[in-house]
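Asker: Make the full structure from the sequences, and use the hints.
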Amino acid sequence: MADLVQRLSKKRNVEKEKEKDMEKGQKHIDQLSNLLDSIICHILSFLPTKLSVATSTLSKRWKHLWTAVPVLSFSSAEFIGTLGSFVDSIVLEDLVVERILDNGILDMVINVASLKRLNLKNYEANDHGILISAPLLERIELSQKNFNVLNFQIDSSSLVEAIIDIHVTCEPIEEFANLEFLSLSEYALYGMAFHEFHNLVCLETTTSCANWDDLEELLHGSNNLKTVVYHIEVPILHRGHNCDKSFSKTVPVCVSASLKALKLTGFINQNCNWTFIQYMLKNAKFLEEVKIRTSSMLKKRRSHIRNMLNCPRASTECQIRFFLDLTSEEYRFRLKFSAFWFCKCSCL
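Letter 252 of the sequence shown, counting from 1, is numbered 252 in the UniProt record's numbering, and no numbers are missing.
Honestly, the hints are just simulated from the structure, not real lab data. It is possible that some hints are incorrect.
[What the hints assert, rightly or not] Under the rule of at most 27 Å between Cα atoms (straight-line distance), these lysine-lysine pairs were calculated in the BS3-like manner:
(1) Lys282 x Lys263
(2) Lys249 x Lys263
(3) Lys285 x Lys245
(4) Lys50 x Lys121
(5) Lys282 x Lys260
(6) Lys121 x Lys60
(7) Lys260 x Lys245
(8) Lys63 x Lys50
(9) Lys116 x Lys226
(10) Lys60 x Lys50
(11) Lys263 x Lys291
(12) Lys245 x Lys291
(13) Lys116 x Lys50
(14) Lys226 x Lys291
(15) Lys260 x Lys226
(16) Lys285 x Lys226
(17) Lys285 x Lys260
(18) Lys245 x Lys263
(19) Lys226 x Lys249
(20) Lys285 x Lys249
(21) Lys260 x Lys249
(22) Lys285 x Lys263
(23) Lys226 x Lys282
(24) Lys260 x Lys291
(25) Lys263 x Lys226
(26) Lys226 x Lys245
Only a predicted model underlies this, so the values are computations on that prediction, with no experimental measurement involved.
Answerer: Rendered as structure tokens:
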């Protein structure tokens, strides 16, 4: 009997050891190797390039996998000197250049035949130039408010989208003529030389009534414009004071003949705000929709809606919709109100 118990105990111990070995083996199973190369490359695209390249030492299969990763991400200054070696790549389509300091740079030159999307962020070289040669470029984004461009040249006939947040003080850029979407900050709109935008269908701008002359000039050159997104900025000098700014009597062709949608954000009870909306409603014959986002208090909102509905409209199809941004006071009130009802319901 004792021998039987001993044998069963020994067998049980052997089975436990086997189970432990199996568990250890499962922990070390290489799940990544079962994935397709395309999936592995997609995962590597979220890593810094330095780590992506380091995976080449894992095995023979991984040796060249990193070369198929579609994204290159460098954060060290040691790569700047050899930037051209991969910028000349025939497969580079997206390029993001972030944080360029003013270290004796005269002009920034980008020459990439395959490039389709370019983003320059936090570029701190002032009074310099940007020279871009990218025949396939479709989208460009430039963002830095304290950056003044004296020489801006783009060699690309395929450019259709531009987001500009820099001060450009040079001749009109011919390649912008084919744009379909254009976004301009107040800093970019001020003093920028414009020409005609025959293909422009959507304009987005952040500005105040101080730049209405520039905005009106832009509208006059965009005869096929269908959508205007206007983020309203209120000059400090206007706060609490009346504003007598107005538009000229010559209505832009796009306003009277093609504009269908108008979106406003930051609308408050200022004379210039009412002047703008009344001008658009009065002259936009084909306007279908007006969306207004305001953060005014509830009582003032109701007044805004009544005044807006009483404005003469050139388009009988136009619908006006308000979207409300809560003020800090309203937000705190709603939090207190929600907490009150939560406590009350919990006590029931």
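Asker: Are the hints correct? Go through all of them and say.
Answerer: Against the structure, the hints come out as follows:
1. Lys282 x Lys263: 16 Å, holds
2. Lys249 x Lys263: Between Lys249 and Lys263 the Cα gap is close to 23 Å, so the pair holds against 27 Å.
3. Lys285 x Lys245: Distance of about 23 Å is within 27 Å: holds.
4. Lys50 x Lys121: 21 Å, holds
5. Lys282 x Lys260: 13 Å, holds
6. Lys121 x Lys60: It is violated: about 38 Å lies between the C-alpha atoms, which goes past 27 Å.
7. Lys260 x Lys245: Distance of about 24 Å is within 27 Å: holds.
8. Lys63 x Lys50: 14 Å, holds
9. Lys116 x Lys226: 25 Å, holds
10. Lys60 x Lys50: 19 Å, holds
11. Lys263 x Lys291: Holds, at roughly 5 Å.
12. Lys245 x Lys291: 23 Å, holds
13. Lys116 x Lys50: Distance of about 24 Å is within 27 Å: holds.
14. Lys226 x Lys291: Holds, because 14 Å separates the two Cα atoms, which is no more than 27 Å.
15. Lys260 x Lys226: 5 Å, holds
16. Lys285 x Lys226: 12 Å, holds
17. Lys285 x Lys260: 9 Å, holds
18. Lys245 x Lys263: Given that 27 Å is the threshold and the Cα spacing comes to 20 Å, the pair holds.
19. Lys226 x Lys249: 21 Å, holds
20. Lys285 x Lys249: 16 Å, holds
21. Lys260 x Lys249: 21 Å, holds
22. Lys285 x Lys263: Within the cut-off at roughly 16 Å; holds.
23. Lys226 x Lys282: 16 Å, holds
24. Lys260 x Lys291: 11 Å, holds
25. Lys263 x Lys226: Cα-Cα ~11 Å, so holds.
26. Lys226 x Lys245: Roughly 25 Å separates the two Cα atoms, so the pair holds.
Hint compliance for this structure: hint 6 alone is broken.
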